[in-house]
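Undergrad: Sequence order for the protein chains is A and B.
Quick note on numbering: the first sequence equals residues 17 to 192 in the working numbering.
Quick note on numbering: the second sequence equals residues 1426 to 1867 in the working numbering.
Honestly, the hints are just simulated from the structure, not real lab data.
Do not rely on the hints blindly, as some may be mistaken.
[Said to hold, decoys possible] Derived DSS-like pairs: lysine-lysine, alpha-carbon spacing no greater than 27 Å straight-line:
(1) B/Lys1776 / B/Lys1859
(2) B/Lys1556 / B/Lys1655
(3) B/Lys1723 / A/Lys122
(4) A/Lys46 / B/Lys1636
(5) B/Lys1655 / B/Lys1636
(6) A/Lys84 / A/Lys122
(7) B/Lys1504 / A/Lys116
(8) A/Lys177 / A/Lys122
(9) A/Lys160 / A/Lys122
(10) A/Lys122 / A/Lys92
(11) B/Lys1723 / A/Lys160
(12) A/Lys46 / B/Lys1776
(13) A/Lys191 / B/Lys1634
(14) A/Lys108 / A/Lys122
(15) B/Lys1564 / A/Lys191
(16) A/Lys116 / A/Lys84
(17) A/Lys84 / A/Lys160
(18) B/Lys1863 / A/Lys191
(19) A/Lys122 / B/Lys1776
(20) A/Lys92 / A/Lys108
(21) A/Lys122 / A/Lys46
(22) B/Lys1634 / A/Lys46
(23) B/Lys1636 / B/Lys1776
(24) B/Lys1713 / A/Lys177
(25) B/Lys1713 / A/Lys84
(26) B/Lys1655 / A/Lys191
(27) B/Lys1723 / A/Lys175
(28) B/Lys1655 / A/Lys122
(29) B/Lys1776 / A/Lys177
(30) A/Lys175 / B/Lys1713
(31) B/Lys1655 / A/Lys46
(32) B/Lys1713 / B/Lys1723
[Said to hold, decoys possible] Incomplete in silico selection of chain A near chain B, CB under 8 Å:
(33) His43
(34) Trp56
(35) Asp59
(36) Asn95
(37) Gly99
(38) Asp113
(39) Met115
(40) Lys116
For glycine and all other residues, C-beta sits at the position ideal for the given N, C-alpha and C.
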Amino acid sequence: MSTRRSLLVLGVALAFGAGTAAAETPHLGKPITDAEIAGWNIDVLPDGSGLPPGSGTPAQGAKVYAEKCSACHGDKGVNPAAGYVPMIGPTKFDRIDTMKTIPYYKYATTLFDVIRRSMPYPMPRTLTSDEVYAVSAYILSLNKIVGDNDVMNAETLPKVKMPNADNFVIWDPGKI
Amino acid sequence: MSLRKRRNGGSPPLEAVAGNGLLDRRALLGRGIMFAGAMGTGVGTSLTGAAAEPLKDDPWSLEMGSVVPAYQVPSRFEKDVIRTRSNPNNEFRNSHARTPHHLLHGTITPNGLHFTISHSGLPDIDPAQHKLVIHGLVKQPLVYTVDSLARYPMVTRMHFVECAGNSAPMFSNEPLQVTCQALHGLSSNAEWTGVLLSTLLEETGIDPKAKWILAEGADSLGLTRSVPVKKALDDAMIALYQNGERIQPGNGYPMRLLLPGYQGNMNVKHVRRLKLLDQPAMTFFESKTYSQILPDGKMWLFHFTMEVKSFITSPSFGHSLQGPGFYEISGIAYSGNGRISKVMVSADGGKSWGQAALQGPVQPKAFTRFRMPWRWDGQPVVLQSRAWDEGGNVQPLRADFVAARGQTDKPVPTPLAFPNQHYNSITSWGIDGKGGIKHVYA
Chain A
17 MSTRRSLLVL GVALAFGAGT AAAETPHLGK PITDAEIAGW NIDVLPDGSG
67 LPPGSGTPAQ GAKVYAEKCS ACHGDKGVNP AAGYVPMIGP TKFDRIDTMK
117 TIPYYKYATT LFDVIRRSMP YPMPRTLTSD EVYAVSAYIL SLNKIVGDND
167 VMNAETLPKV KMPNADNFVI WDPGKI
Chain B
1426 MSLRKRRNGG SPPLEAVAGN GLLDRRALLG RGIMFAGAMG TGVGTSLTGA
1476 AAEPLKDDPW SLEMGSVVPA YQVPSRFEKD VIRTRSNPNN EFRNSHARTP
1526 HHLLHGTITP NGLHFTISHS GLPDIDPAQH KLVIHGLVKQ PLVYTVDSLA
1576 RYPMVTRMHF VECAGNSAPM FSNEPLQVTC QALHGLSSNA EWTGVLLSTL
1626 LEETGIDPKA KWILAEGADS LGLTRSVPVK KALDDAMIAL YQNGERIQPG
1676 NGYPMRLLLP GYQGNMNVKH VRRLKLLDQP AMTFFESKTY SQILPDGKMW
1726 LFHFTMEVKS FITSPSFGHS LQGPGFYEIS GIAYSGNGRI SKVMVSADGG
1776 KSWGQAALQG PVQPKAFTRF RMPWRWDGQP VVLQSRAWDE GGNVQPLRAD
1826 FVAARGQTDK PVPTPLAFPN QHYNSITSWG IDGKGGIKHV YA
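When you get a sec, could you build the whole thing from the sequences and use the hints?
TA: If you want it as structure tokens, here you go:
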């Protein structure tokens, strides 16, 4: 295998008339530091990595939600504007076209990440970390996934048990 | 062979290969002969009977034409060959623009007609400012500019991109009376040119713990998807060019992640960041939108591959047949698994099938045009196509597909709805005795 590959590489090198190393690439990428990437590096993973310092409660989140989310997603998570999804949705997925909202997610970190990176839709990435924790707590409490007094932070959010979490199957593990 | 027969004065072969007038695809090799043959049967339209007006010059033949534009657009007579849009007023929601397959031929989707789905409008990106960062579980995080990537060794490859929600109206329990564009317009095919992602990952180095790559766009949502490193090292590309010119804004300007054969949403547009991870990020789109509910109550995660599919574009809904005689049935086939190996066509709702001619070169994970000569006798028929790929995968019959994946309880009210994703079963066009065409399930 490696011999065949070497021959192939040699063939390519000869074809281009190059006597240089086969794997040569232009190396025009510039080194970049974690500090320089930080402004974009805001993703949050299911195990909680990437969650920022801060915290929020459903009560705090209700205020932020009323001000910055309800116009599209509906007062208290129901009756959204036309074309938008509500924040309270079905918990049973027994039809192939059941609406998928918060209770569908496998991980609560998904909710935090999408609010943090994409919301509010007209002004993305304007919420503080405390506000994102608070709105996440509020939306989870609307769906009875967390209690009305539960505090969401980097410790508690990844531990939230989502009601639909055990119903997923990977389509083809061989692709991963 | 056909030529020799003509020289000998013999009749060309017009052998029927399946019910309701499907002819041997080899007849397409000697097209002129075939037309003569069709006329010889008495069902072709007469070429000699009409009393034509004497020919004279039309106005455009008698004056100098208009200025040649710097960037040309189609004739004004082609004004209806356009994408249909779901959000023409750019309200605060996503936008879809669908490819008019029933008005196109060949395999390349012109750039202006390539489908677009945007979840937050088209960002107005200055290519001089755009950056691509690769970091996470790598040996050396690096940042690239458009200009720097333009100096890299490139590849040019033909590939389709298809939204996982393409053909979703066909989950409806009753067929919607809409065109190919409405049913299948979220799939297009282009020649993409760019830098293989493996080339860039060779420069950053990969930590052996890395199994996933989070890809992020520069749009206002910061749209993200998780992609297996396995795919990144296989045939993933940072594409810069689309059909020879820089990628259209609606398709990812100034660069997009191209993952041949994988669902469109993963081909992150305006890509600005790739972060190598030991786990999938479980982003919004992979957790919710592009996860499929199955009839047994389970849900699929990570259904990446767009499976083998075909549909007849001509004739199809929106067209009508102008009387009995010869027609060429034509359509598109493709598979996210590789090359199309065979397309069969039926004119009797699947009772009998004939093999279609494939327009070469047949390329992997790309549109393949199929053609089938057909002599319509004027009776009602149901046209269908069914594709196979080189991996041995076959496009499922509708009954089998519905048994496995389900359908809605009630008719879907609009073709803009997405009841589910990854529909790849058969499309059927029912033609009545007057040449009218309906979308049917058969």
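Undergrad: Now look at each hint and say whether the structure bears it out.
TA: Hint-by-hint comparison with the structure:
Between B/Lys1776 and B/Lys1859 the CA atoms are separated by roughly 22 Å; this keeps the pair inside 27 Å, and the hint holds. With a CA separation close to 24 Å, the supplied pair B/Lys1556 and B/Lys1655 stays within the 27 Å bound. At most 27 Å may separate the alpha-carbon atoms for a hinted pair to count; B/Lys1723 and A/Lys122 meet this at roughly 12 Å. Restraint check: the Cα-Cα separation between A/Lys46 and B/Lys1636 comes to about 24 Å, which is no more than 27 Å; the hinted pair holds.
A distance of roughly 7 Å separates the Cα atoms of B/Lys1655 and B/Lys1636; the hinted pair therefore holds under the 27 Å criterion. The suggested pairing of A/Lys84 with A/Lys122 holds, with an alpha-carbon distance near 25 Å, which does not exceed 27 Å. Between B/Lys1504 and A/Lys116 the alpha-carbon distance is near 38 Å, which puts this suggested pair outside the 27 Å criterion. The straight-line distance between the Cα atoms of A/Lys177 and A/Lys122 is roughly 9 Å, inside the 27 Å bound, and the hint therefore holds.
A distance of roughly 15 Å separates the Cα atoms of A/Lys160 and A/Lys122; the hinted pair therefore holds under the 27 Å criterion. Using a Cα cut-off of 27 Å, the hinted pair A/Lys122 and A/Lys92 holds, with the two alpha carbons roughly 22 Å apart. Note on B/Lys1723 and A/Lys160: the hinted pairing holds, with a Cα-Cα distance of about 22 Å set against a maximum of 27 Å. A C-alpha spacing of about 62 Å is found between A/Lys46 and B/Lys1776, which places the hinted pair above 27 Å, so the restraint is violated.
Taking the CA atoms of A/Lys191 and B/Lys1634, the gap is near 17 Å; set against the 27 Å cutoff, the hint holds. Restraint check for A/Lys108 and A/Lys122: satisfied, since their Cα atoms lie roughly 14 Å apart, inside the 27 Å limit. Distance hint between B/Lys1564 and A/Lys191 is fulfilled; the C-alpha atoms sit about 24 Å from each other, no more than 27 Å. The straight-line distance between the Cα atoms of A/Lys116 and A/Lys84 is roughly 22 Å, inside the 27 Å bound, and the hint therefore holds.
The straight-line distance between the Cα atoms of A/Lys84 and A/Lys160 is roughly 21 Å, inside the 27 Å bound, and the hint therefore holds. Under the criterion of a C-alpha separation no larger than 27 Å, the hint pairing B/Lys1863 with A/Lys191 is inconsistent with the structure, at around 39 Å. Restraint check for A/Lys122 and B/Lys1776: not satisfied, since their Cα atoms lie roughly 44 Å apart, outside the 27 Å limit. Proposed proximity of A/Lys92 and A/Lys108 is supported: the alpha carbons are some 21 Å apart, at most 27 Å.
Between the alpha carbons of A/Lys122 and A/Lys46 the distance comes to roughly 37 Å, so the proposed pair goes past 27 Å and is violated. Proposed proximity of B/Lys1634 and A/Lys46 is supported: the alpha carbons are some 23 Å apart, at most 27 Å. Proposed proximity of B/Lys1636 and B/Lys1776 is contradicted: the alpha carbons are some 47 Å apart, above 27 Å. Simply put, B/Lys1713 and A/Lys177 have alpha-carbon atoms about 17 Å apart, close enough for the 27 Å limit, and the pair holds.
A hinted pair counts as satisfied when its Cα atoms are at most 27 Å apart, and B/Lys1713 with A/Lys84 qualifies at roughly 22 Å. Note on B/Lys1655 and A/Lys191: the hinted pairing holds, with a Cα-Cα distance of about 7 Å set against a maximum of 27 Å. The hinted pair formed by B/Lys1723 and A/Lys175 meets the criterion: a straight-line CA distance of about 23 Å does not exceed 27 Å. For the proposed pair B/Lys1655 and A/Lys122, the alpha carbon gap of about 23 Å is at most 27 Å, so the pair holds.
For the suggested pair B/Lys1776 and A/Lys177, the alpha carbons sit about 51 Å apart, so the restraint of at most 27 Å is broken. Note on A/Lys175 and B/Lys1713: the hinted pairing holds, with a Cα-Cα distance of about 19 Å set against a maximum of 27 Å. Note on B/Lys1655 and A/Lys46: the hinted pairing holds, with a Cα-Cα distance of about 25 Å set against a maximum of 27 Å. For the hint pairing B/Lys1713 with B/Lys1723, the CA-to-CA distance comes to about 13 Å; that is within 27 Å, so the pair holds.
Taken as an interface hint, A/His43 checks out: its beta carbon lies about 6 Å from the nearest beta carbon of chain B, inside 8 Å. For A/Trp56, the interface hint holds, the least distance from its beta-carbon to any beta-carbon of chain B being 5 Å, beneath 8 Å. Taken as an interface hint, A/Asp59 checks out: its beta carbon lies about 6 Å from the nearest beta carbon of chain B, inside 8 Å. Given the 8 Å rule on beta carbons, the hint for A/Asn95 is violated: about 17 Å separates it from the nearest Cβ of chain B.
Hint on A/Gly99 holds. Least Cβ distance to chain B is approximately 5 Å, under the 8 Å limit. Among the interface hints, the one on A/Asp113 holds; its C-beta lies about 4 Å from the nearest C-beta in chain B, closer than the 8 Å criterion. Of the supplied interface hints, the one on A/Met115 is violated, with its beta-carbon coming no nearer than about 10 Å to a beta-carbon of chain B, more than 8 Å. Look at A/Lys116: its Cβ gets to within about 5 Å of chain B, closer than 8 Å, so that hint holds up.
Hints 7, 12, 18, 19, 21, 23, 29, 36, 39, counting from the list given before, are not met by this structure.
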